[in-house]
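Participant: With chain H fixed as given, assemble chain C onto it according to the hints.
There are 2 protein chains.
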Amino acid sequence: MKLYEFPTSGNCYKVRLALAQSGHAFERREMGRNDGSVKSPDFLRVSPSGRVPALEIKPGQVLVESSAILFYLGKGTALLPEDAFHQAEVVRWMSFEQDSVLPTIAIARFIKKMLGVPKDREGEYAAARAAASGSLKIMEEHLEGRSFFVGERYSIADVSLYAYTHLAPEAAIDLSPYPNVLAWLARVKAQPKHIEIYG
Amino acid sequence: MKLYEFPTSGNCYKVRLALAQSGHAFERREMGRNDGSVKSPDFLRVSPSGRVPALEIKPGQVLVESSAILFYLGKGTALLPEDAFHQAEVVRWMSFEQDSVLPTIAIARFIKKMLGVPKDREGEYAAARAAASGSLKIMEEHLEGRSFFVGERYSIADVSLYAYTHLAPEAAIDLSPYPNVLAWLARVKAQPKHIEIYG
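Same order as they appear, the protein sequences are chains H and C. Residue 1 is where the first sequence starts when you use the working numbering, and the numbers rise one by one after that. Residue 1 is where the second sequence starts when you use the working numbering, and the numbers rise one by one after that.
The shape of chain H in the complex, shown without the other chains (with noise of 0.2 Å):
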């Protein structure tokens, strides 16, 4: 398999972490974030809406979105449970994750880390760190008395929910009124197999 990525990208991490875990054999293609080269028709030859994180499973099959490339990786392993239930859980979680965390930590992120808050984008950034507590709450609220996101065993619903809200540090966010968060992101961490986003 190979994975078309932006290296310091969260959606990338994700799909990276899962790769690592459910035991993948995988080559990394780094793709530049100004230099164009997601608009190539080399690339748009492998993924026509030019968008990464793209996971080509084999010549001519390819997958785009995180979250669908986070199910096509745990399907049939430990990182997703078999039942419809729970299954629909995680769906309901990653959905969380598109909805709730990336408009909130994830733009928050992209704007102090990559851009170092230039003038014209403050706002957006005071408003995507302000939103970015909501969502943590209803997080922390949820690991009360939980281990897991999703039927007490780390799946891909986690993996997803790791990426960006572990960075929320980048983001100038603290964590430390979620200690619920803050536990679980040990446990995460603290998993078979995992890796970190840099490096």
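Hints in this document: simulated from the structure, not taken from any laboratory. Hints may be right or wrong, so weigh each one.
Same chains, same label: a pair holds when it works inside one copy or across any pair of copies.
[As the list claims (entries may be wrong)] Computed list of lysine-lysine pairs in DSS-like fashion (alpha-carbon distance at most 30 Å, straight line): (1) Lys-137 with Lys-39; (2) Lys-39 with Lys-189; (3) Lys-112 with Lys-58; (4) Lys-137 with Lys-2; (5) Lys-58 with Lys-137; (6) Lys-39 with Lys-193.
Facilitator: For chain C alone, kept in the frame of chain H given last:
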């Protein structure tokens, strides 16, 4: 099963359509949009996040988020392909729907149909309506040479995308530049056990 819903919500309609087509018996529980009923202690006992649609499968087993409910209802039926790649593609297109149809067509339709485009939301309405054309273009291109979104068969991906796309005219969004989309809408509408949003 009990479906807690706003009857005119496209997200709730998705679930009702999948319920009808997957052959489950269900009761409808209509919630008010403005009467506080989703914040009532009775409802919060059922669905702690206070969100609709919420599907109570049995007492104590409740699913929220329309994509998660669709996944649950589709599982094991003709509405969800069985192999991992096509299931992942279904997740991908439900993710696209959440990402690219809800903030565009659905928001424009809400502001236009439900609120009548109040002065202070004119800008938001115009932006959502303009952004809808980008999403429709992606759908139009994907449907070139295809009958349905995934694996050449009708699935919950189509149910998800149909709900708000077929309501685009309520947002004053003209679908005539998208002939593939129009032909696909007609195919979805012609499926066995199809139901309409109103009535």
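Participant: Kindly indicate which numbered hints from before are broken by the structure, ordering the numbers from low to high.
Facilitator: 2, 3 and 6
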